[in-house]
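Required output: the full structure, derived from the provided sequences and hints.
What follows is the residue order along each chain.
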Amino acid sequence: MESLLSNFLAKYNYWVYIGLVMIGMYAMIAKRNLVKKIIGMNIVQTAVILFYVSIGAKKGKTIPIIAHGHEETGHHAAQAIDYISPLPHVLMLTAIVVSVATLGVALALAIKIYRQYGTLEEDEIALRINEP
Amino acid sequence: MKTFALITVLLLGGLLFYGTPDFPDWGDPASPASLHVSPYYIEHAVEDTAVPNIVTAVLADYRGYDTMFETAVIFSAGIACLFLLRVYRRKSARTRLYRHNLTGVTLRIAKGGKLPEGSAEFERIDSVWVPYDMIIKVTSRLIVPFVQLFALYVIAHGHHSPGGGFQGGVIFGAAIILYALSNDLRRAFRRLSEKAALLASAAGVLIYVGTGLLCLLLGGNFLDYSMLAEMLHTDAIMARSHGILIVEIGVGLAVMAVMVSLYYNLSSAGRHDEGL
Chain A
1 MESLLSNFLA KYNYWVYIGL VMIGMYAMIA KRNLVKKIIG MNIVQTAVIL FYVSIGAKKG
61 KTIPIIAHGH EETGHHAAQA IDYISPLPHV LMLTAIVVSV ATLGVALALA IKIYRQYGTL
121 EEDEIALRIN EP
Chain B
1 MKTFALITVL LLGGLLFYGT PDFPDWGDPA SPASLHVSPY YIEHAVEDTA VPNIVTAVLA
61 DYRGYDTMFE TAVIFSAGIA CLFLLRVYRR KSARTRLYRH NLTGVTLRIA KGGKLPEGSA
121 EFERIDSVWV PYDMIIKVTS RLIVPFVQLF ALYVIAHGHH SPGGGFQGGV IFGAAIILYA
181 LSNDLRRAFR RLSEKAALLA SAAGVLIYVG TGLLCLLLGG NFLDYSMLAE MLHTDAIMAR
241 SHGILIVEIG VGLAVMAVMV SLYYNLSSAG RHDEGL
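First to last, the protein sequences are chains A and B.
Residue numbers for the first sequence follow my numbering, beginning at 1 and rising by one.
Residue numbers for the second sequence follow my numbering, beginning at 1 and rising by one.
The hints are simulated quantities; they were obtained by calculation from the structure and are not laboratory data.
All values derive from a computational prediction rather than experimental measurement.
Keep in mind that the hints are not guaranteed to be accurate.
[Said to hold, decoys possible] With a cut-off of at most 25 angstroms between alpha-carbon atoms, the simulated SDA-like pairs for lysine to any residue come out as follows:
#1 A:K112 with B:D126
#2 A:K58 with B:D22
#3 A:K31 with B:V9
#4 A:K11 with B:F17
#5 B:K2 with A:R32
#6 A:K59 with B:H44
[As the list claims (entries may be wrong)] Only some residues are given here: those of chain A computed to face chain B with a beta carbon under 8 angstroms:
#7 Y14
#8 I29
#9 I55
#10 I65
#11 I81
#12 P88
#13 H89
#14 V90
[As the list claims (entries may be wrong)] Label-pair restraints from in silico Cβ distances:
#15 B:H36 with A:I96: 17 to 25 angstroms
#16 A:R128 with B:H44: 53 to 61 angstroms
#17 A:D82 with B:M134: 46 to 54 angstroms
#18 B:R187 with A:F8: 50 to 58 angstroms
#19 A:G60 with B:G210: 36 to 44 angstroms
#20 A:K112 with B:A202: 22 to 30 angstroms
#21 B:A156 with A:D82: 25 to 33 angstroms
#22 A:Y114 with B:T106: 24 to 32 angstroms
#23 A:G60 with B:K2: 41 to 49 angstroms
#24 A:Y117 with B:L232: 51 to 59 angstroms
#25 B:S127 with A:Y117: 22 to 30 angstroms
Glycine residues also receive a C-beta, built at the ideal position from the N, C-alpha and C atoms.
Quick look at the structure:
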């Protein structure tokens, strides 16, 4: 029982990201309002970012910036074990900006749809498309 | 619909839950993600590029292609938003509201009426009710320059501390958006017009691609900054460091301009007349 609990706690970052993915997916599927769907999409993106950043972590290690790198070049080589993995950070740095960009385009589409149909509710839009 | 969504989501969650025991524990130094490529970056970044911040070195040098197209993605998002929303309409089509600054009297000018444009005593206000907010305006006037200064610091100091083009660009864009929020959209246009924002976003991408092409012309690979050594009067390693800075400035410019342009288009639904 105790080992089960410690196993559960040792992977707590994954539980958080699974929870966020589930919340976001539910919002994207079940909600009728387009803005709520967009927010759901953003929550899924945040979950993916959390997932990536958390697998790069190393317990008790520091950020991937080599202290006084300029002065000590040559006689002090950095050890990979002392720094957390920089790669997930790099990938997610660009992913954050892309998520903002997709959010902007999605909101622009929502404004356009509202201008065309006068509503953001999915079922009402479907009605108005079939009307004429 | 709701039950279908719930079942799908629970199924997805169950699958993810089922797969998770195979993942490494949190903070495990021997996790596969930190065993293969990243040790090379950590151990060689300083001797290769003289940049202590490994994230910056990987972002703009080792994975330069990725970041270049990432910048192109944000640029095209800004352009897409413009295409979707922008409407070009005569400015005098609607009634406009002006506030007399000294007395607080609001003037309503009907369609085609004569407008006190450019007068110091009158201030154009949005048609939704806007109270005069001295506290917000003065506070933002005090904050905005420091936010912009901090943004420049974040871009320029990205080699040695957390920061870089993306972060600094977003902070700079946030400063301009704060100005637009606390005053109004028209005042923000006087500081950074739509055209200037679009030109800046294109110029940012151009700086990035141009640096890569310059390296190509000087005989190296695309985005191989060490070819710039002769031009910058340094050795090949420092040239990579400087090349990263040039590219980061381009990224910062593009990100800043796209954030501002997205805000302009979204807040006024493309009319660029009255907005948040």
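Each hint, compared with the structure:
{"no.": "1", "hint": "A:K112 with B:D126", "result": "holds (22 angstroms)"}
{"no.": "2", "hint": "A:K58 with B:D22", "result": "holds (17 angstroms)"}
{"no.": "3", "hint": "A:K31 with B:V9", "result": "holds (13 angstroms)"}
{"no.": "4", "hint": "A:K11 with B:F17", "result": "holds (11 angstroms)"}
{"no.": "5", "hint": "B:K2 with A:R32", "result": "holds (10 angstroms)"}
{"no.": "6", "hint": "A:K59 with B:H44", "result": "holds (22 angstroms)"}
{"no.": "7", "hint": "Y14", "result": "holds (5 angstroms)"}
{"no.": "8", "hint": "I29", "result": "holds (4 angstroms)"}
{"no.": "9", "hint": "I55", "result": "holds (5 angstroms)"}
{"no.": "10", "hint": "I65", "result": "holds (5 angstroms)"}
{"no.": "11", "hint": "I81", "result": "holds (6 angstroms)"}
{"no.": "12", "hint": "P88", "result": "holds (6 angstroms)"}
{"no.": "13", "hint": "H89", "result": "holds (5 angstroms)"}
{"no.": "14", "hint": "V90", "result": "holds (5 angstroms)"}
{"no.": "15", "hint": "B:H36 with A:I96: 17 to 25 angstroms", "result": "holds (24 angstroms)"}
{"no.": "16", "hint": "A:R128 with B:H44: 53 to 61 angstroms", "result": "holds (60 angstroms)"}
{"no.": "17", "hint": "A:D82 with B:M134: 46 to 54 angstroms", "result": "holds (52 angstroms)"}
{"no.": "18", "hint": "B:R187 with A:F8: 50 to 58 angstroms", "result": "holds (54 angstroms)"}
{"no.": "19", "hint": "A:G60 with B:G210: 36 to 44 angstroms", "result": "holds (43 angstroms)"}
{"no.": "20", "hint": "A:K112 with B:A202: 22 to 30 angstroms", "result": "holds (23 angstroms)"}
{"no.": "21", "hint": "B:A156 with A:D82: 25 to 33 angstroms", "result": "holds (27 angstroms)"}
{"no.": "22", "hint": "A:Y114 with B:T106: 24 to 32 angstroms", "result": "holds (29 angstroms)"}
{"no.": "23", "hint": "A:G60 with B:K2: 41 to 49 angstroms", "result": "holds (45 angstroms)"}
{"no.": "24", "hint": "A:Y117 with B:L232: 51 to 59 angstroms", "result": "holds (56 angstroms)"}
{"no.": "25", "hint": "B:S127 with A:Y117: 22 to 30 angstroms", "result": "holds (24 angstroms)"}
In this structure, none of the earlier numbered hints is contradicted; all agree with it.
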